[in-house]
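S.K.: Spelled out, the chains give:
2 protein chains.
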Amino acid sequence: MHTVGRHLLVELHDCDKTLLDDLDAVKTTIREAAKRAGASIVSESFHRFAPQGVSASVLIAESHLSIHTWPEAGYAAADLYTCGELNPMPGVEYLAEAFRATTFSCAEIIRGLDDDIRTAALPESPGRHNIAALSIVTELL
Amino acid sequence: MHTVGRHLLVELHDCDKTLLDDLDAVKTTIREAAKRAGASIVSESFHRFAPQGVSASVLIAESHLSIHTWPEAGYAAADLYTCGELNPMPGVEYLAEAFRATTFSCAEIIRGLDDDIRTAALPESPGRHNIAALSIVTELL
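Residue numbers (the working numbering), protein chains in the order written: chain C, 509 to 649; chain E, 509 to 649.
The hints are simulated quantities; they were obtained by calculation from the structure and are not laboratory data. Do not take every clue at face value.
Which copy is meant is left open, because identical chains are indistinguishable; a pair holds if it fits in one copy or across any two.
[To be verified] Think about it this way: if two alpha-carbon atoms lie no more than 20 Å apart in a straight line, the pair counts; the simulated EDC-like pairs of lysine to aspartate or glutamate are:
{"#": "1", "residue 1": "K525", "residue 2": "E605"}
{"#": "2", "residue 1": "K543", "residue 2": "D624"}
{"#": "3", "residue 1": "K535", "residue 2": "E632"}
{"#": "4", "residue 1": "K535", "residue 2": "E552"}
{"#": "5", "residue 1": "K525", "residue 2": "E647"}
{"#": "6", "residue 1": "K525", "residue 2": "D622"}
{"#": "7", "residue 1": "K543", "residue 2": "E632"}
{"#": "8", "residue 1": "K535", "residue 2": "E593"}
{"#": "9", "residue 1": "K543", "residue 2": "E647"}
{"#": "10", "residue 1": "K525", "residue 2": "D624"}
{"#": "11", "residue 1": "K525", "residue 2": "D623"}
{"#": "12", "residue 1": "K535", "residue 2": "D624"}
{"#": "13", "residue 1": "K535", "residue 2": "E647"}
{"#": "14", "residue 1": "K525", "residue 2": "E593"}
{"#": "15", "residue 1": "K535", "residue 2": "D623"}
Throw the hints in and build the complete structure from the sequences for me.
M.R.: Next up, the structure:
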């Protein structure tokens, strides 16, 4: 099951607009979210857009965590892709708390080779989908 | 529709194992894939794992592109998240070609605020899903 990963797609609504536009706040928040997910950061990228908006991505030993913010809409889109035995949900919940989201939604996509997914003992999770059921497969010549 | 994004989750099967473990090859490939998707790179992160495997993530003006490789399994997982009017599929197809994948699968998740998604004029796409249909929504106190 070594290729199996949990890819969480997270939508954060009605966040604090000032925090979403604050590069330092986004840096601090993504690092703490990675920590709460039990992940180890190995590399980081950040960018602040003009006139507004921040993107952040951290590579972790277990895959990645990224966030993109639309301060003017109070909206942020994050994704947390983890392999191994991590429990990523505390990281997701921390993102929502830190940005003061009123609501958030989370979809979990299970990724990896089919044989590995079949033998993986994954914890129960609402909103879970298997990548094989979502994808169109293309054979290359 | 300014918050609407297309998040493509890409599974690459039976790739060239040597290329998947070659940091320079992964760097070159992700940069070219971003270019073919019409994206502009604003920041980059790369990491090579011991004993094998590479992770790469590039922030683009239009969100991000990331890839994680499992050379021993000939497998790589990529995701390409684009906002705006880009056509990301040439970037996905290039990833498959460059890593010499025998097959690849692609699921497209439409992300963003509901009102923006409803008014967005998106091109037809197989394997498309709306984040709202996949997610569990949580209200915070």
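S.K.: Run through the hints listed earlier and report the numbers of any the structure violates, in increasing order.
M.R.: 2, 3, 7, 8, 9, 12, 13, 14, 15
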